[in-house]
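Enquirer: Given chain A, work out where chain B should sit, using these hints.
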Amino acid sequence: MPVLKKKNPRVGRARSKSAKAASLANPKFRALFEKEMRHWEKKVRPLQEAARSSERLTGQDLAIRINARG
Amino acid sequence: MASRAGTVNPPQKVKFHSLAGVSLVDTLDLRNPKFVTAEEAHRQLNYIDGYVRDPALGCKTVVVEEHYIDRDHMEDHSVFYSKSLYPYPNFCCRVHFFSLGIEELRKEIRRVRSSRATGGEETFRRECAEFSKQHYIGFTVIKPLPGCPVGRTVLRCLPEESGKGHIRKFHCTFDYDPHLLGLRLTVKGLAFQQQDLGVSACATTALWTSLQRAQELEHNATATPAQITIRASQFALPFGRPMPSEGLSLGQMCQAVQSLGYSPSLQRAESFEFTRGILFSSISSGISPVLILEQPGTEISHAVAAAGRAVAEPAELSGSSGIRHRSADLTAIYVHDDRNGPYLKATIRKHKEELLVHFELPGGKQETWTLSHLLIPLHSKIRLSFAQLYTAGLGIVSKAQSFAMAQARVTSPSRNQVTTLWKSRIFRSTSYMESLLREAGGAGIVERLCTSVRLSRYIGVIRILAPGLDTLDVLLDTTSTERNLNCLAVLQFGNSESTADLCRFMAEYYGGRFVS
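If you read the sequences in order, they're chains A and B.
Under my numbering, the first residue of the first sequence is numbered 1, with each subsequent residue one higher.
Under my numbering, the first residue of the second sequence is numbered 71, with each subsequent residue one higher.
If we strip away everything but chain B, and leave its shape as in the complex, we get:
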């Protein structure tokens, strides 16, 4: 629209819609695509529709910003869609989900907004955070592509308590802060989007999700799907043209990760126990792994990014003595599957030495895939892979188990079962220390640790819980390598003399400092 003064901005529209009795597709009045079925094109949107209506989230109202500039779509548009004959717009719309009815929501938004004038900035921030915590479920960007409308989507996760005998933890999520009607909203989640088969297929989209988390850890700008596909196809085109996307090879995925400044740590899923351990460790460390899945009997491979895990509630251990990684209780993981939707539950199953993931999809459909590889984008300073940390951890924990066994034989000969539990994780050293402050006696340990040990930016943490001993952590320098592994410290959480004896032995054996 032009005037004598130049261009005239079209008005922005923000509309409130009730979700009662009407689907999200109808609410948004989306066009049906011409050459694919609506069911196929709207599968992800329908999944999101079902997810936000879950009683635990209880979406009642959606607020639609009709004009929204999305960085990912803008870049996809710039490298791909702008060159089409059809004039695809470079803007999207954004849909916010709330658990309040329309009138209550309007009233609440007005109340929070006015708190800035009455209570100052701090009150306003607190009110925004409280409002988000109570009523905000998240947002989805709707792209102007009728065949694949779901763009960047961040939704709140389901609660930790499942009521089904397992506990959900979404370690790979973080806070996103969208703004709406003057409010700064907050939602903790991990971004999801649908594959468009123009700029990205599943490989690009899974990497895009995984890198969101990696980049947040270091406060870097996030990579767009277009950047990932371009970087992946920089040096090799094993399957022809990169766009429209025909998928990527695993080598190309590694190339994209490397060229974006991260280290692609790649593992083949050979042994069930080990693979489950790595999966657990990576998710528990808040580093989203990309799972490469194979469909048995076909040539199809798929990539999904993990956002969280479900662990069985602790039960009494029985049977013979042993060393038990906490991953033995892993029952399921939650993945972003760009073919279906975000936080899709994938149940872990075992078939010989293979790790299978089983999806129960909406509509009663089921799929089982075999995990073939794990691709974990790591900060370039983390040289110690999760596999190497696991290997080192096994050596360390075998000493704790030996001590606990010997102690049990001496002190209570009638006791015939000693099982040592352990976990292996990688943390930013600052986050690790903050987590210690939550534990009893943690403040003193943090002080002693900070004043006596030089820590690397990321540390490998082996946590050991052995019967008859205090909890202990062995800290490893992740900038060192498997052959020249540098032990930083052995931490004792408690004051038992026998644990101190073991810690001193470990500190001397591995060369770290003993802190208690």
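Next up, chain A with everything else stripped away, as it sits in the complex:
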């Protein structure tokens, strides 16, 4: 018969404390989240700009002739 491991009450308490900590109602967690948000929003900005720029078309784009034969 397998021997059941005894639960460590301190580990359980520590985990539930951490889980509570990862809540936006917790001001410390919220501050950390907002700091991360500033970082990641800055990080995605070049890609967002590339996406916007790809839609700024000119007459040159529309004049391309598509004529491959085969």
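Treat each hint with caution, since some may be false.
Think about it this way: if two alpha-carbon atoms lie no more than 27 angstroms apart in a straight line, the pair counts; the simulated BS3-like pairs of lysine-lysine are [what the hints assert, rightly or not]:
id	chain 1	residue 1	chain 2	residue 2
1	B	Lys-83	B	Lys-234
2	B	Lys-422	B	Lys-435
3	A	Lys-42	B	Lys-422
4	B	Lys-415	B	Lys-203
5	B	Lys-203	B	Lys-85
6	B	Lys-493	A	Lys-35
7	B	Lys-203	B	Lys-83
8	B	Lys-493	A	Lys-43
9	B	Lys-130	B	Lys-420
10	B	Lys-130	B	Lys-85
11	B	Lys-177	B	Lys-234
12	B	Lys-420	A	Lys-43
13	B	Lys-85	B	Lys-153
14	B	Lys-177	B	Lys-83
15	B	Lys-203	B	Lys-153
16	B	Lys-422	A	Lys-43
17	B	Lys-420	A	Lys-42
18	A	Lys-43	A	Lys-28
19	B	Lys-234	B	Lys-493
20	B	Lys-130	B	Lys-258
21	B	Lys-239	A	Lys-42
Since the hints were made in silico from the structure, they are not lab data.
Expert: Chain B only, in chain A's frame:
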């Protein structure tokens, strides 16, 4: 042929041929064209011949209907070929491909046909569907034009499992239902045809393929090549006469799409990562994009329509934290290239910020093209382009990544890598809900979504998979625009409290409803 009673209909002939040891060109006894080489004229047909014989499809028999009225050819004939001195017929022949030997095939067709009398209509439909699934590979229409015989062709796609480390998905395909010998057959594919350089060149043909899918989504009649070329050259003729076709400009292609009732969403392929993302999103949404390709160092541009994609099998993520669009695993796309054939594999390559597509053609020939633009025909109610959806998605996913990072720092400080995966797609809201029903707990979410959120006909879906969080979808109203983007809902698939916390934050921030 005339008689006293009037005209006499010539008999219809349906012939069975074995493909063993004989080429399709010989089986069909096609005439060689006079002024182009047979290799040039039959390149697409030879490609189809090779494709249907692939071991995964295993074609053994072809059935030829000698007289077949094809709407596309009839219209091409009406506007162009009927005015030639040579009396081109207005009818074609149609070739069906099967994976059974001749005798077995005859027996099976008789068995399925007789099931109508013995088992009723439902049994007959089911038998037809099962027979098609097991043995039917598709069809090709052979036009009476010796220099370009391949007309509307719909073939089954290769299986999802490639056995080569990638998974194929053909999202831009749908069911076609040809009838043969009293049976209603079904094949899931996307229509292909060869350019004829009379009514259509590559630009018209690529649009014709792409619009097949767009029109199926809304159950509209499909546009013929002649209609597309005529609409494209309605207001501008930058390269002279529209027919014989000398190709179209990108502006003319947009004009054709617009006049057929769709919105031409056009993007320049500037950044590799972004372009790959748009390509992936469009194909995954089942909206076939037209790829405008340039041959480096020449003046030649080409257009092909995408039918599917190949994605690398998921691997363990390593390295630093980040935001990863699912398109990062895109290895190839499958395109209908009217110069070669259907479902041609185009491998994605990167050169600086350019996205290159590399074709390995039959006979060992290789071609590499640079993607210059993407033209995506959208339903006119979809105002949010794929580029705008991608831009909005980046903003949304950056919040999920921030939350996952903050959570990881608090709960497991030793963890140093947090990578959030995401996808951006556009679906008919009804199709999206049907897809949710396939997921665990989807039925409850669909019920809550339907009873609490007003959905637009097409919705933008940002799916987020972040470590330590449940999967979540953010739904955007595609009838809104980038500046006044309307968030419809934030959906949580699971019951983790921290994900609910993030979803509530997002719902409040973007103004949508939280559904879990």
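Enquirer: Hint by hint, where does the structure go against what was stated? Just the numbers, ascending.
Expert: 1, 9, 11, 13, 15 and 21
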